[in-house]
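Novice: So the sequence lines, in the order shown, correspond to chains A and B. Here the first sequence stands for residues 178 to 630, where the numbers follow our numbering. Here the second sequence stands for residues 178 to 630, where the numbers follow our numbering.
Just so you know, the hints here were simulated from the structure itself, not pulled from any lab data. Incorrect hints may have been included.
Note that identical chains are pooled: a pair holds if it fits in a single copy or bridges any two copies.
[Unchecked claim] With a Cα cut of at most 30 Å, we get these calculated DSS-like pairs of lysine-lysine: (1) K267 - K329; (2) K179 - K428; (3) K329 - K575; (4) K529 - K232; (5) K232 - K204; (6) K575 - K204; (7) K529 - K370; (8) K619 - K577; (9) K179 - K583.
Keep in mind it's a predicted model, so treat the numbers as computed, not measured.
2 protein chains.
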Amino acid sequence: MKHRKILLSENEIPEKWYNIIADMPNKPLPPLNPATLEPIGPEALAPLFPMELIKQEVTPEKWVTIPDEVRNIYSLWRPTPLYRAYGLEKALDTPAKIYYKYEGVSPSGSHKPNTAVAQAYYNKQEGVKTITTETGAGQWGSALAFACKHFKINCEVYMVKLSYEHKPYRKTMMNTWGAKVFPSPSDATQIGKKILAENPDTTGSLGIAISEAIERAASSDDIKYALGSVLNHVKLHQTVVGQEALKQMEKAGDLPDIVIAPFGGGSNFAGLAFPFLRLNLEEGRKIRCIASEPASCPKLTRGEFRYDFGDTGGMTPLLPMYTLGHNFVPAPIHAGGLRYHGAGVIVSQLLKDQLIEAIAHDNLEVFEAGVTFAQAEGIIPAPEATHGIATVIREAEKCKQEGVSKTILFNLCGHGNFDMKAYEDYFAGNIQKHELSEEEIKASLAKLNTPTI
Amino acid sequence: MKHRKILLSENEIPEKWYNIIADMPNKPLPPLNPATLEPIGPEALAPLFPMELIKQEVTPEKWVTIPDEVRNIYSLWRPTPLYRAYGLEKALDTPAKIYYKYEGVSPSGSHKPNTAVAQAYYNKQEGVKTITTETGAGQWGSALAFACKHFKINCEVYMVKLSYEHKPYRKTMMNTWGAKVFPSPSDATQIGKKILAENPDTTGSLGIAISEAIERAASSDDIKYALGSVLNHVKLHQTVVGQEALKQMEKAGDLPDIVIAPFGGGSNFAGLAFPFLRLNLEEGRKIRCIASEPASCPKLTRGEFRYDFGDTGGMTPLLPMYTLGHNFVPAPIHAGGLRYHGAGVIVSQLLKDQLIEAIAHDNLEVFEAGVTFAQAEGIIPAPEATHGIATVIREAEKCKQEGVSKTILFNLCGHGNFDMKAYEDYFAGNIQKHELSEEEIKASLAKLNTPTI
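So that you can see chain A by itself, here it is in the shape it has in the complex (with noise of 0.2 Å):
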């Protein structure tokens, strides 16, 4: 019997989290303060983020250590499993080699509880008494909801109105792990009670929930926001999802010729591709990363690389970034995870400089590729997951056509079992292919008077 996981024991759980930024050939360009457009100090990020955190965004050490007590919650879910996918080479008739890294095992069955594990870990030891955020689809919130409570840390969630009220089952996971998760716009903050007053039947979006966020972060000493992809922190506490991959990989004899991972903010592909990059800048191996984006929100393919807003309402930095403009409003996909306007600085700058590959897949072809792994697999993937797979199988089927037998391995970073709407919509026909058009894409843009590079 050929064996389908490659496991890994607890104390092969990595000691350290990777820092690229040591590694790479151009260093990310500076955030700049959008009034004096002087480039900004850590020190700005203090009312948001314990120190700790602030040190690690700004770090050039090339390796982090991970403290014990964030390895030992680790433990929990990690390592996470590796696995051949026999059954997908075998549906896809190809000679390629399929592995994939199951993040999904993780108690709220997503990659991020890698970093929400390590951000409520520094609040708890800088005396943070509450952490607040946003979320829409959910995955996120439920993520530091999980975290938090391990280290009996309140929770506060702003989670979009639409969604609190449509997906209610993500909401329910939060309250299970003790988090008070509140509609936004909510009552709780002087941004949210404004909005409510002048529209009192909005469904909110996300921008204004990380606003009631911040807002609450801002007002007390005992408050502090954390976001869950985009900074450069977070990509680093993914780190643990490629190293431990590497090592499976090793294990199992093999090294990937191509690693894939879907692309929101970048954190969950930097999870799993920067310790594959690390042996590009180190060693000069050729090994192709590869950020899966939707077709509907397409910075990295079809975006411009210059200096943005992180977020809708221009309230941060700016961030130098392959970005749509911090005003586009994607297409409402399934793989609400994905749907950024603009990409990490460092993801950014690595594209820039030609050392990663990025492809947009439309959101029919997506969840083709959903279906043909469940069947394969068993497993029935996220809709974020889905864009890694349809890079998978197309790159398959190119070895397919070129008769070659090249390595692949991609993150498969969630299940779909909070997600199962989606696919009830595909197969009722209701979702559509959606071509973003290059006017579409131009307009958007055209609204920055940001500075370009």
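Guided by the hints, dock chain B onto chain A, whose structure is given.
Specialist: Below, chain B without anything else, positioned relative to chain A:
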């Protein structure tokens, strides 16, 4: 760092299923023909099940070889992890050592695929083209849908209409694996059409769904029927759970004093407990094996040991079982998998012979236990699984009171990702304590005119 998980490699997936009948001091009494009250032979089952499963239903052999093809599909998720519940031990401040076997890592999220895969395999071997079954909450139906997809067999699931409408996500899960799901009563069967004609607005029942699935199976040699619990061969297949757990406990250098599992029809309990009971029967060990049932459906703790029908409609042979009467309608608790009026014959005989124990828990106690577990260990348990956890907590508290450290093992048979509505109801205060009176039970049993034992 203390290790939480004890893992096995894929070549440690058991090679045989364990048949406890071979070791039972008193063998189960035979099933009876309801018309003649004469013992009936296995041939009576031939229209519904493939011959190999019928053989397994009555085999006296102690070990039954697991086909390689079944072990190959098992390896998609097996061996499942055994956890040391350090978090729960700490939360309970108990000197007890608590372990749990986690079956929620299967693609459908419970232990059910252990038998679904085996049943689909034997049907395929005998040329069966379609398998029919009924499902209530959907755990069993989705496990069978997953299994049938792997063996390219059509799967027809008759899903109680109320569940079909209220739990659309389980239905979509089955669709994703290619199953046809009918709201029952449906117009795919004569009995369904008849019931719909008489009562177009009926919300259905498990009894009706069984009747529809059986009618379809009896209509053609190409179509067979599958059952997810109660029967001997189902219990047999589940023993992979306990065999792995035994090996894992040995690796941990421990042996349980107490083994606990939820009880519906018996296969969950049998799966974990029988391989440990084997040690009692073979070597005279004194491992306590406790079945945890809901107080609203207490066949083991308050039922009568006598002959009764296995189904509500009275179409099955008469079986010697602990029963509340085949017309007993339990309260609509969320642990749908435990709402069955009787216990499988093997477990019934074992209880009669005082070789196992049983305990009933109120609905409020089990949700409290579920939330305690989720907060301490991360994983949110299925409502069925919370019954086992409630027993664990009682035993762990007893250890604390008595100042002794016992080793407790339980079966975390599934996650609650598709049951968040249940937790929502609990948090909203909509779960009530349910007292079943002695009169209600007596009244149900008084309706029986089947043979006593």
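Novice: Give the relationship of K529 and K232 under a CA distance limit of 30 Å: within one copy only, between copies only, both, or neither.
Specialist: within (25 Å within a copy, 66 Å between copies)
Novice: Checking K529 and K370: alpha-carbon separation at most 30 Å within a copy, between copies, both or neither?
Specialist: Classified as neither: same-chain Cα gap 42 Å, cross-chain 64 Å, threshold 30 Å.
Novice: For K232 and K204, with the copy left unspecified, which applies at a CA distance of at most 30 Å: within, between, both, or neither?
Specialist: within (16 Å within a copy, 69 Å between copies)
Novice: Between copies, within a copy, both or neither: which fits K267 and K329 at Cα up to 30 Å?
Specialist: between (47 Å within a copy, 14 Å between copies)
Novice: For K329 and K575, with the copy left unspecified, which applies at a CA distance of at most 30 Å: within, between, both, or neither?
Specialist: between (50 Å within a copy, 27 Å between copies)
Novice: Checking an output row: K179 and K428, CA cutoff 30 Å. Within, between, both or neither?
Specialist: Classified as both: same-chain Cα gap 14 Å, cross-chain 24 Å, threshold 30 Å.
Novice: When Cα atoms must be at most 30 Å apart, do K179 and K583 count as within-copy, between-copy, both, or neither?
Specialist: within (19 Å within a copy, 39 Å between copies)
Novice: Can you give me the call for K619 and K577, within, between, both or neither, at a CA distance of at most 30 Å?
Specialist: Classified as neither: same-chain Cα gap 37 Å, cross-chain 68 Å, threshold 30 Å.
Novice: Checking K575 and K204: alpha-carbon separation at most 30 Å within a copy, between copies, both or neither?
Specialist: Neither: 34 Å inside a copy, 60 Å across copies.
Going through the hint list in order, the structure does not satisfy hints 6, 7 and 8.
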